[in-house]
Amino acid sequence: MSDAVLEAVGVSFAYERHGRLVLDSASLTVKPRTILGLLGPNGSGKTTLLRLIAGTLVPLSGRVTLDGADVRRLSRRDLARQIAVVPQETHTTFDFTVLDIVLMGRYPHLGAFELEGAADVAIAREALAATGTAELAARPFATLSGGEKQRVVIASALAQASSILLLDEPTASLDLGYQIEIATLLTRLNRDRGTTMVISTHDLNLAAALCSEVVLLRQGQVLARGATADVLTAAHVRTLYGVDADVQFHPRAGHVTVVPIARSV
Amino acid sequence: MTIGGFGALAFLACLLAPLVGSTTIHLSRVFDRSIPFADNVDAQIFFVARLPRVLAAALVGSGLAVAGVVFQALLRNPLASPDTLGVSAGAALGAMLAITFHADFSLLSVSAVPLASFAGSLGALAIVYGLSAARRRGQSTMVLLLAGVTLTALLSAVVRFVQYLADFTETFQTVRWLMGSLDVAGYGPILAAAVPMAVAFVGFATLPRVLDLMSLGTEAAAARGVDVTRAERVALVSASLSTGAAVSLGGPVAFVGIIVPHLVRLIVGADHRLVLPASALFGAAFLIGCDLVARTALAPVELPVGIVTAIIGGPFFLWLLFRKA
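Going down the list, the sequences are from chains A and B. What the first sequence shows, in numbering that gives the first Met the number 0, is residues 0 to 264, in sequence order. What the second sequence shows, in numbering that gives the first Met the number 0, is residues 0 to 324, in sequence order.
Residues from chain B shown here face chain A by an in silico Cβ test under 7 Å; the list is partial:
1) Arg208
2) Asp211
3) Ser214
4) Glu218
5) Ala222
6) Arg223
7) Gly224
8) Ala269
9) Asp270
The set of hints was computed from the structure by calculation and includes no laboratory data. C-beta atoms are modelled at their ideal positions from N, C-alpha and C, and glycine is treated no differently.
For reference, chain B alone in the conformation it holds in the complex (with noise of 0.2 Å):
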């Protein structure tokens, strides 16, 4: 029933966010079958110029959310989202990169720098992955968060050498990007972004239970029957795949991989049966509100996606925080 509700949501968000605009445009035209499309001016908005928007922040969020929500409970630790594994500094670095040299490649529609922001991104967790492999026993999983939080640092500072030598236009663009922006041309990079995301959530699909026990320790987990290793790898490997899809979407928006597992856990309670697929809607649902809030709250200038998640999102959090204690 609660997954329910979040699913309503979510298909609400989908629906009604592209009503909203510089044209007003109305459902019940868009859904009008008696007008030829080509004749249709308000489904041709709602399709072509707005849906694929929504849709990529749906993606996007979801993708982010629920990555978030696997590191967490993987990490047992509460501050484990793809901004503190350096997974979103690695995604930045390779998008960076990708703008600064004029990167001229493309792969099924997608162009250079999603591509290169979605290596950036598996490389850092293959980083992140392959330390946690390395670590010896008995080493606590925040010797892992502090390896992010280090990989973080240190690839920002690599971010912000080559923004130096970069000159003023590529500078601006890459600031753009860094600050998450949704704006996608057509279905072209939204299909391109959904198949790893697909496959992510095939093993997600395989996690609740197995994340409840790890959240209790890997060694309880394995005493109640987990295969240890084999879990960590399919739930990396998951949260790896559908975060790489995401930032190279939308860029490293921030605050979703945290906030949003957190707000779900709050309504939902810890249970990963609940708290995934919850998870999963509501991010869609949060990020498409906090994409309208971006393109309308000063229109015509659009804002960053990136600031109004974390200016909704923060305070929110603390909002839910409190009240709570």
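So here's chain A without its partners, still in its complex pose (with noise of 0.2 Å):
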């Protein structure tokens, strides 16, 4: 409890009044600088359960804290500068570059009629060399690839300077070397910086790889929650997804891998 910096405890949520519960009494504790993983099948809450812990949604019932701090008790800017948020997917109306949407991280430091300083440009370049897209600053951000796009947005969330950053299937329309690519990049700001994340995933080998802990998730409600070892199991991959697989410690890979066999009866 003490060594939670980020907490859900009991929380409900409905989009519509009086609708289906799409998540019913979840909690779950993030620690300070570890990778928490989310899994769970289609419709099971993941992202609104991400909404819930970014303030961007709020929850019926239950509670969200920040060290502690309700987070309902937080202005928008006061909680955006300790938790960015990397959404699936970002799609821009206009010709932003690279730069301008990395500098709209900088949103929560500014006052209503500052706009950003040689400070703040500092900070964005800075982010960007982070995620290794420094060459792509003058680009218009429509022109990347997916694999690039994310590492920009991800730049963004960095450029917001907050300890907590929560990733949406950070990996989900991406191939596999920009999945392998974004996963590297999530471990190393993790283990250089110290970044808390949060991370919703359909890739459970992912998850396995970066995760010191994952929540599974089921009709709105908690299935599981631990060491990533521990939860995820061959029976519990069953549960989520009606699935029959193998789950096995990869030597090569230095944590449990899980190859899908067939649709389990």
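Using the supplied hints, reconstruct the complex from the two chains, each of which is provided in its own coordinate frame.
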């Protein structure tokens, strides 16, 4: 309890009044400087739980606390200084450059009429360098590949200078090469900067590689949570996805791996 | 520096456009302090006859252009503008009713027609704003734009219905008004429109960063610290005020709200710190230029400025669009 930086306690949520509960008293605990994985089938409430943690949605019941304080008591700005979000996909309506996008991360640090100064640009450039996208700074964001876009959006989140990063299926639309690239980047940020992360994903092997702990969500409820090696089991994979899978420790990878075999009956 | 360029353009437009007209006047004589104003015909023509009209064009052009910028960013749709959100149609209906029913009232030296059009545009925006506030989470902004287009069609039908019932003189008057005209009498109407416009521009001044973020989506904006509900309210109210003020002064001048923001974005990029002020300045210069064409092209016959904005603006826009691609 005391070592949790971010905590959701029995949160429930429905998108429509008296509608179906997308989350039904779900709880999770995020320890500082760790990466927590959020796993579950489509519609199990992963994205909604991330939104509740980010404070962009308010739970019907239960509460989300940041360093012990209810996030509802924090202003949007204060929250954004501590929690940054990387959505699954980012579309730009207008022709923003990569640097423009990264500078947007500085918003919670600026006054109402204030514009970014040299210090903000320096922070943005540093974030670009950290994600290996420095050479893309002047390019229009819309012309980038999926992997480049995702790295730029992560850079924008880094420019926000918050210690917690929430990522919603960060590798969902990326090919294998980019998946590894993003995974490596996240590992490095966690190791070098001590960034705390919550990652929702369908990629069980990514979760096994990155996350020290995972939370399994099923129909809005927490099925299990704990250390990845304890929770990511063949039995849980069957319950969650209805898939018969081999789950084994992989010596070369250094973590458990999940090999789906067939739809279980 | 870019903004300085746009500022110089707008200033020169305000200074030089009044020199052109049926009577030729000279700038040096206009500002010749040695001739008393009563004897200085050039100065009289400049300040009394022509400058109000040029300033009206500047105000209308700025107001519509900036409202267009805000609507496009807020709805994340390049097609959003006062024309497509039903605002211009609302203003048209208001003016239409005032003309047809010979409304005879005034407020602060503003006569019935502009007042009614102001009310009409605000009414239409209130409907759009109401829809946006009632919009359930998850529904796209496309719904709002469709609602705007539907509202436009509905209001236009009412306009045509009223027109159908009106007599010929009234119909001519309303058609003329609907095409947009900047033929203002004196500085009174300009001042009356400048007040709500000034209030709107204070609102716009808080928006550049917010609009950048909102154009990535409300959730992305919220995650970066934007109070989305408050930002939407400030943006929509400011845009309503400036559109209402502009339309009450010059009629629903077509195309400005959609074309100027895009032209400016092609030149300065997407950053709203540049797009907002540049659109205000370029909108002013653009409409002054169009109005200059409107009153000189077929002189002594004067064209409605809305026809000129569409005829000049449309092809120019297409050219820029395809030149870049």
